[in-house]
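> What follows is each chain in one-letter form.
2 protein chains.
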Amino acid sequence: MASSSDNEEVRVLGKWASPFSNRIDLALKLKGVPYNYSEEDLANKSLDLLKYNPVHKKVPVLVHNGNSIAESLVILEYIDEVWNNNNNHAFLPQDPYHRALARFWCKTLDDKILPAIWNACWSDEKGREKAVEEALEALKILQDELKDKKFFGGETIGLVDIAANFIGYWVSILQEIAGLELLTIEKFPKLYKWSQEYINHPVIKEGLPPRDELFAFFKASAKK
Amino acid sequence: MASSSDNEEVRVLGKWASPFSNRIDLALKLKGVPYNYSEEDLANKSLDLLKYNPVHKKVPVLVHNGNSIAESLVILEYIDEVWNNNNNHAFLPQDPYHRALARFWCKTLDDKILPAIWNACWSDEKGREKAVEEALEALKILQDELKDKKFFGGETIGLVDIAANFIGYWVSILQEIAGLELLTIEKFPKLYKWSQEYINHPVIKEGLPPRDELFAFFKASAKK
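As given, the protein sequences belong to chains A and Y, one line each in that order.
The numbering of the first sequence is our numbering, which starts it at 10 and goes up by one.
The numbering of the second sequence is our numbering, which starts it at 10 and goes up by one.
Here chain A stands alone, though its shape is the one from the complex (with noise of 0.2 Å):
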């Protein structure tokens, strides 16, 4: 495995309204490693993202010492091994089969739990009630899975609580633009005090785009 030293080059390639490029920059930030950040124009793709990333053309990009690396949660993995000196707030747990788990759940995150909100929040009259009943019974599945663990890696912040920082900040923003009640204390006790105690988290807290932005900007999306 390879360790973290003084004169490495980290950079990471993002979008800040984006809660998949969030993830690399509180990943790096739970492991307390310095990196410069590139913001990219979405519209007007950067030579460098179309060089870093020429499958997918997508943020975000980690550049770690001139090798890339796309894919949010193939990067989150990569930093937990290669910055792992000491068990340094590990994401996985060491046994395998845990660790499968929290690959299963941040794979169900991505495929089908996130995409549910999404379209929920997004959608128009017609496709509404459905949308949001499907975005409802996702939620109750991850809260299934959250049962009355502080966090989903336990006492500490895991892969699973970093792949969820869609749900933990985000969904509160769009739910309210789109005056839908989707992760309340009322419907999800137990998944809302997961999201407060994981916005709370004191490198969390610090490492969020600002609410007011954040909310101004899919405002303005919405209207579009």
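Check before you lean on any hint, since a few could be wrong.
Treat identical chains as interchangeable: a pair holds within one or across any two.
The list that follows gives simulated cross-link-like pairs (lysine to aspartate or glutamate, EDC-like), each with its CA atoms no further than 20 Å apart [as the list claims (entries may be wrong)]:
(1) Lys-233 with Asp-119
(2) Lys-214 with Glu-190
(3) Lys-232 with Glu-185
(4) Lys-228 with Glu-190
(5) Lys-60 with Glu-154
(6) Lys-202 with Glu-18
(7) Lys-66 with Glu-143
(8) Lys-233 with Asp-50
(9) Lys-66 with Glu-154
(10) Lys-67 with Asp-119
(11) Lys-66 with Asp-153
(12) Lys-67 with Glu-146
(13) Lys-60 with Asp-153
(14) Lys-214 with Glu-164
(15) Lys-67 with Asp-120
(16) Lys-60 with Glu-146
(17) Lys-116 with Glu-90
(18) Lys-199 with Glu-138
(19) Lys-66 with Asp-119
(20) Lys-66 with Glu-146
(21) Lys-40 with Glu-206
(22) Lys-233 with Glu-164
(23) Lys-67 with Glu-143
(24) Lys-40 with Glu-215
If you are wondering where the hints come from, they were derived from the structure by calculation, not from laboratory data.
Place chain Y on chain A using the hints.
Leaving out everything else, chain Y in the frame of chain A:
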């Protein structure tokens, strides 16, 4: 890390014609792990499938000493981590960057490359031209990644090779049924050569379902 022992129970819930399900058979055979296989009727799912994969209710599922894991790529990494004695046919390399690249390609296969080829093979006349173009682009991306290696894993079959199971074997059957020329020796000489190396690898050859049965199965599906 857990290690293998003689009195453990390994069970796979699968569907013989699914390239995703077959990934798990191949991985266990490559590792030399004996297992019990249960064929699922997806039109009438077993109580075990609903119990072991309540979120997605899909094959494949691995049940190891009572612990269940779903999602084929997650299962493959689990198998690689559990049965890793003496670096026993490791699916992933040791270096974090090369591990990240392998994970990136597995994800890109499932999210982009396989759907593009599947869509082309099942496209109607109207959408066919565009779908075929996208499938050919996807195959080009994959061939560019293979470069001049024997396998995606280098000299031995790795995680990406197993994830590309559909490309190695299923595509030749589906394109014949659809009357398309996608993965041919003329269009993609290196990738075609890889597919031949892959299906002729002694363990893979032994673990693939019979071609004539797959052909009949998908031919019947195409008529519906």
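> A separate judgement is required for each hint: does it hold in the structure or not?
Comparing the hints with the structure gives:
no., hint, in the structure
1, Lys-233 with Asp-119, "neither (25 Å within a copy, 32 Å between copies)"
2, Lys-214 with Glu-190, "neither (23 Å within a copy, 53 Å between copies)"
3, Lys-232 with Glu-185, "within (14 Å within a copy, 48 Å between copies)"
4, Lys-228 with Glu-190, "within (17 Å within a copy, 47 Å between copies)"
5, Lys-60 with Glu-154, "between (39 Å within a copy, 15 Å between copies)"
6, Lys-202 with Glu-18, "neither (37 Å within a copy, 38 Å between copies)"
7, Lys-66 with Glu-143, "between (30 Å within a copy, 16 Å between copies)"
8, Lys-233 with Asp-50, "within (18 Å within a copy, 46 Å between copies)"
9, Lys-66 with Glu-154, "between (33 Å within a copy, 16 Å between copies)"
10, Lys-67 with Asp-119, "both (15 Å within a copy, 17 Å between copies)"
11, Lys-66 with Asp-153, "between (35 Å within a copy, 16 Å between copies)"
12, Lys-67 with Glu-146, "between (29 Å within a copy, 18 Å between copies)"
13, Lys-60 with Asp-153, "between (41 Å within a copy, 15 Å between copies)"
14, Lys-214 with Glu-164, "within (17 Å within a copy, 46 Å between copies)"
15, Lys-67 with Asp-120, "both (17 Å within a copy, 14 Å between copies)"
16, Lys-60 with Glu-146, "between (39 Å within a copy, 18 Å between copies)"
17, Lys-116 with Glu-90, "both (18 Å within a copy, 18 Å between copies)"
18, Lys-199 with Glu-138, "neither (24 Å within a copy, 50 Å between copies)"
19, Lys-66 with Asp-119, "both (18 Å within a copy, 17 Å between copies)"
20, Lys-66 with Glu-146, "between (32 Å within a copy, 15 Å between copies)"
21, Lys-40 with Glu-206, "within (19 Å within a copy, 42 Å between copies)"
22, Lys-233 with Glu-164, "neither (42 Å within a copy, 52 Å between copies)"
23, Lys-67 with Glu-143, "between (27 Å within a copy, 18 Å between copies)"
24, Lys-40 with Glu-215, "within (14 Å within a copy, 45 Å between copies)"
Checked against the numbered hints listed earlier, the structure breaks hints 1, 2, 6, 18, 22; every other hint is satisfied.
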